[in-house]
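Chains as they are written, first to last, in this note's numbering: chain A, 60 to 374; chain B, 60 to 374; chain C, 60 to 374; chain D, 60 to 374; chain E, 60 to 374.
No wet-lab data here; the hints were simulated from the structure. Each hint can be trusted.
Once the Cα atoms are required to be at most 20 Å apart in a straight line, the calculated SDA-like pairs of lysine to any residue come out as:
#1 B:K125 - D:D201
#2 B:K181 - A:L117
#3 C:K209 - E:N126
#4 C:K267 - C:E194
#5 A:K125 - B:L206
#6 D:K125 - D:V147
#7 D:K125 - E:L207
#8 E:K209 - D:H235
#9 A:K125 - B:A202
#10 D:K267 - B:D132
#11 B:K209 - A:H235
#12 B:K125 - D:L206
#13 E:K125 - C:S289
#14 E:K125 - C:F204
#15 E:K209 - D:R238
#16 A:K267 - C:D132
#17 B:K125 - D:R274
#18 E:K267 - D:H115
#19 D:K125 - E:E212
#20 D:K267 - B:A133
#21 E:K125 - C:D201
#22 C:K125 - A:F281
#23 B:K267 - A:L117
#24 C:K209 - E:N241
#25 B:K125 - D:E211
#26 B:K125 - D:L198
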Amino acid sequence: MSSIRVSVLDSDALRQGDASLIEGWQRDGDARIWIDIEDPTEALLEELLEKRFGFHELAAEDSLSKNTLPKYDAFPHYDFFVFRAVEVNKLSAFLGRNFLVTVHTGKLQAIDEIHDRLPEDKRIVSNGVDYLLYEIVDLMIDAHFPLLEKIEECVDDLQEQIFLNAQPAHLDQLLHLKRDVNVMRRQSLPQRELLNLISRGDATFVQKQHLIYFRDIYDHMFRISETIDSERDMMSGTMEAYLSVIANRTNEIMRVLTVLSTIMLPLTLIAGIYGMNFEHMPELHWLHGYPFALGRAKTGICEEIGRPLLSGGSS
Amino acid sequence: MSSIRVSVLDSDALRQGDASLIEGWQRDGDARIWIDIEDPTEALLEELLEKRFGFHELAAEDSLSKNTLPKYDAFPHYDFFVFRAVEVNKLSAFLGRNFLVTVHTGKLQAIDEIHDRLPEDKRIVSNGVDYLLYEIVDLMIDAHFPLLEKIEECVDDLQEQIFLNAQPAHLDQLLHLKRDVNVMRRQSLPQRELLNLISRGDATFVQKQHLIYFRDIYDHMFRISETIDSERDMMSGTMEAYLSVIANRTNEIMRVLTVLSTIMLPLTLIAGIYGMNFEHMPELHWLHGYPFALGRAKTGICEEIGRPLLSGGSS
Amino acid sequence: MSSIRVSVLDSDALRQGDASLIEGWQRDGDARIWIDIEDPTEALLEELLEKRFGFHELAAEDSLSKNTLPKYDAFPHYDFFVFRAVEVNKLSAFLGRNFLVTVHTGKLQAIDEIHDRLPEDKRIVSNGVDYLLYEIVDLMIDAHFPLLEKIEECVDDLQEQIFLNAQPAHLDQLLHLKRDVNVMRRQSLPQRELLNLISRGDATFVQKQHLIYFRDIYDHMFRISETIDSERDMMSGTMEAYLSVIANRTNEIMRVLTVLSTIMLPLTLIAGIYGMNFEHMPELHWLHGYPFALGRAKTGICEEIGRPLLSGGSS
Amino acid sequence: MSSIRVSVLDSDALRQGDASLIEGWQRDGDARIWIDIEDPTEALLEELLEKRFGFHELAAEDSLSKNTLPKYDAFPHYDFFVFRAVEVNKLSAFLGRNFLVTVHTGKLQAIDEIHDRLPEDKRIVSNGVDYLLYEIVDLMIDAHFPLLEKIEECVDDLQEQIFLNAQPAHLDQLLHLKRDVNVMRRQSLPQRELLNLISRGDATFVQKQHLIYFRDIYDHMFRISETIDSERDMMSGTMEAYLSVIANRTNEIMRVLTVLSTIMLPLTLIAGIYGMNFEHMPELHWLHGYPFALGRAKTGICEEIGRPLLSGGSS
Amino acid sequence: MSSIRVSVLDSDALRQGDASLIEGWQRDGDARIWIDIEDPTEALLEELLEKRFGFHELAAEDSLSKNTLPKYDAFPHYDFFVFRAVEVNKLSAFLGRNFLVTVHTGKLQAIDEIHDRLPEDKRIVSNGVDYLLYEIVDLMIDAHFPLLEKIEECVDDLQEQIFLNAQPAHLDQLLHLKRDVNVMRRQSLPQRELLNLISRGDATFVQKQHLIYFRDIYDHMFRISETIDSERDMMSGTMEAYLSVIANRTNEIMRVLTVLSTIMLPLTLIAGIYGMNFEHMPELHWLHGYPFALGRAKTGICEEIGRPLLSGGSS
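Next up, chain A with everything else stripped away, as it sits in the complex:
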């Protein structure tokens, strides 16, 4: 079900409501309008975006399509942006002189927050729709940081576990994490480029005095993509470490086996040669010699060697 939320700002007075508010608003008037469309249908987009606002069909299509990467297209009476959010696929925004239309599939935290803050935040109301867009994108971009921190923790955690007890499951987790980070990277690079472009003043309907705000988001975005790169680096290191830890473990086990064989094989040979048929072997005449012999073997040697061997990994 698609839902439409409309906010109209007229002479600093704010009215919030549903699609019915659109009718009263005029493109060449002074009133500014923000229309947020959640889970749009093709019909709605055509009706509202193409017919009512005269947006280009390709832009309207892009706002529906699932995989569009962040981009900016300039049109005569509006700017078209696609941004990427952490939670949803993307946020499409049509920004004009006195209107902002945002389209997204799925709930978007940043939109909700700004919508609720609008009645109280004089500043957004007085600064215009481009500043409104800044506030939304700013919240959206900053939502990347907790996610990145969580990924960093995951990698740290995996690294620690690998040093404790490397297992194929860790590799699997690492590969999945890597793929997630790769997806983020693929989207963050064009997003960074997009914000760079806006902050340079290339977007027609972003006012000069607000460029510095977008520059600020760009700086955050730059930090995000740097962090992503460094996480990729860490993961590669962890991958290599995994292999080394396993190689080390094999080496340890082999040493145990070799030390054991070095002691046991010659003794076994000696035992084989002489058949231990010496005349002086008093144990043979003990009553409990048989069970004792087995017992000593088990407790004596296993105790020494068994510990590091068994704690070295799990099956």
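Chain A is fixed; fit chains B, C, D and E onto it per the hints.
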């Protein structure tokens, strides 16, 4: 056998037929013509392209040669493009004010589809030959997506199988997949560059109002080459994972061998020393002691250890 | 607790003191002022920076935030810089015609040193606030070199230890070192870019005749980031070496085991076949034959093989 | 022995001969001359190039030196090029308004072919010396393709052999192949750059209407360097595959050993414990029991396990 | 001990001597001067460079500091360069209209050679101080080639030895070689950039007609940095090869062990079961059966297997 299909669009009337339609058309007239040549012969190209249309010999040669990479060459009265399709080697296109000549070896889905849609699609007819070219290239580029998804599935599948039971055959598949992706990459980079150049307005016979359509293809092409890069990344990860999984498996097997030896070798030594000539070994006198002894060994120890060992891989 | 240190330079006379000195100073006067703020509070920044000096809220926020990367923002009556120091997160600097405001969290060696040198150093006093900024940044950047040398020593040391006796702990240290170097790299690249930009003359309030000083810092910064890159390279080499050293060790151990088995197993078989029931085995009748047999096995063979095996690693 | 071949084209009449033809030709006349010098001596170059044609000493030196990379130097009355051929080190070319001097050490297929074709090819004669240069370079560049295909086949072959039976010799071949490809790459990059520069029209004595021909060579050169890159990629993959195949093989062998030990060691222990002194062992009394026992062991177990083990590799 | 050598060229007459010659020379006269300072002291530099010639303090400092990377700084009446030589840290050069001051720590072959050649080489004398600088730098740069060839030989040698008998010491050598090459690379990149800049004509006191000479050095420098890159590549390949060779060796040894066990263990079991108490074992009654049994085991089996095992590596 080379085949020629001709479509003439005159005052919004469309006639489709074979090479005989070319004669009626004039380069300085108003009628627009689309000539599609499948599996051309050298003679045909020389006759039709060099003599009738006056195309440059190098362009005509390029449209025959098998390995030309995507490119754009500007000539006084036409633009020459080479695009890459998924199914066939390439599509060469000569675009003039009122003509479009497309040349390809082998059947090309996109061409067939547009050819069939032409009689019904008013828009293509009225928008001119550059828009017609857009429609063809758009279909051609979008044909990459299902292929890329299939490759992604293959890699996922391989990764899963490697974690279950890594085998050299998986490596072999991975290397073949990698080569295919490398070929795609090698062709997608100049193709992306070519579309960027067209969408910037560098091609003479693409009208300004249609640039945005080529920009849209460029965005798709950008996503394609990003996806290719990320698939290459995934494959490298899988390669590394393979090695780690094998190392892990060797480690597991070595541990089994070592645990086994740690238990067995000392016991064998003890048995060797005392010859088990104890006075109190009642089993020696049992009737079925001999078969029982062998049986216990087989079921007792193998049952415990044999399972993970045998399921760990196949020969 | 935030602390403020103020230095006022009036007609070559220097007065140093606390925040009370700010009042006497005027933005359009001739006196120059340097205000250093350590561990600022939000309230203080708003009061002092935004109200008294009229700095932009975003710049004021950046000077508080923990993770801002090195940057430069131009404002009408001042330049805003963020630099990175080795000891603290960052140094924010507001540079105007006759004022320099530096903000940092935590003690900063370079600031303290310049503050103390100020009364004696005629040159800083006479050259103005941009030269003062140069002196601070110069000290701050040069503090990287001892750190880099220490890291280089660490890597050398690790490499040597790995060749002597590779252990998982070395890997762990290497990964931690790598992360530290990655963090340095992430910060040094934008810092280098920032210094390049200043030395090119892009900052409004750095005088032309002082550009060469910033160019000198830029050269140092360039060397720092080159050194970081080469350290990353060395670490990758060490990582690979680790794996090879372990593989080598496993190989050595396996050879010992195989040589041992090649000698022992056939002998054991022979002993098993003939039961050594030969008629001519005089040792069986010795009194001390039993203990002697065990003893010979231990000293004879272990002496030869045991040494390289045991020195090859530790458990 | 240096050899000189001269072709003079005067009013579409062609005379071919030795150095004596040079005397009749004049720099400001209409006749065009092509001088090809094979295996030049320093004296000859100084006499002919520096004195007769007035070429710069550095250019003359470059045309002798063995390792010069592809380059272009502009001089007032001529262009100086260095190209790289597959067979010989390089081809130096001095191109003026009406002369072309080519210098090379060793036989060069392309030169011979064009020299022989000259009397029959009206086109070369009428198009001038820059078109003549194009024909030579075109043949020279296209000689890379068969070589690249051969390398690709080699790598494919090696890959296949590695999967069948990996051996250190394969590694060795791979490293040698890699070095050859690296050398080609090192030369192809500046060559590509050089052709790009010529096709852009930067060379003074290449006529505008012939630029498209050099553009065509550039496209081929581009494809060559792309192919080289992809071959490097394939080789890296093969290198990694080698390691994985070996790891796999070790794993297989270890499994055989472990399965064998799991079966044999417990049985040997049991045999050791009971000494097999059971009362009911009828085989002991058979006449052929001794040879039979050995025989069974050999055929029974070796037959099952021996095959994959021996076919798994060679010593 | 710092040493100063001075050469004064006045109307094509050359006088060479010590620091006393400086006094007679005047900055606005026609006489040209070359001052070479070896192992300078801080005092000397201040006295001579800062006071007598008026060089900037930063440039003077740079000419003393040990780690400055190649660079160019333009000053009103002179150019300041830092070049890197193979033998010493660096060569600093101050080039003016009629003076050249070169500063270096340690003996520099190129300087000595040019100094000695000066009296005989009319060309250097007549071409001016910028040409003199060219001759020095040319010799200095060309001194890289023998070094690079030596490194290439070392890597080839190491590669060959690794295939014959891989040992950790080879790894160690490889890592050291890699570090040396990395240092060369770090210095060659800015040096190349510097020469590019000079050959483009950016240095004020290099005359237009001499640019082509610096362009020639740039071409050499380009080849040097390409060679360095390819050596890095070769080393990475060698590193990977090392690991593969070791893996191969372990594999070989494991196969020997497994084949041995496959033959021996079952036989040992059989011997254990039947105790070889067959009634028909004639060897037991031989006089020399005991020593013969041990002997056969040693010569029989070891001869076959022992060879490849022992030649496969060393401990």
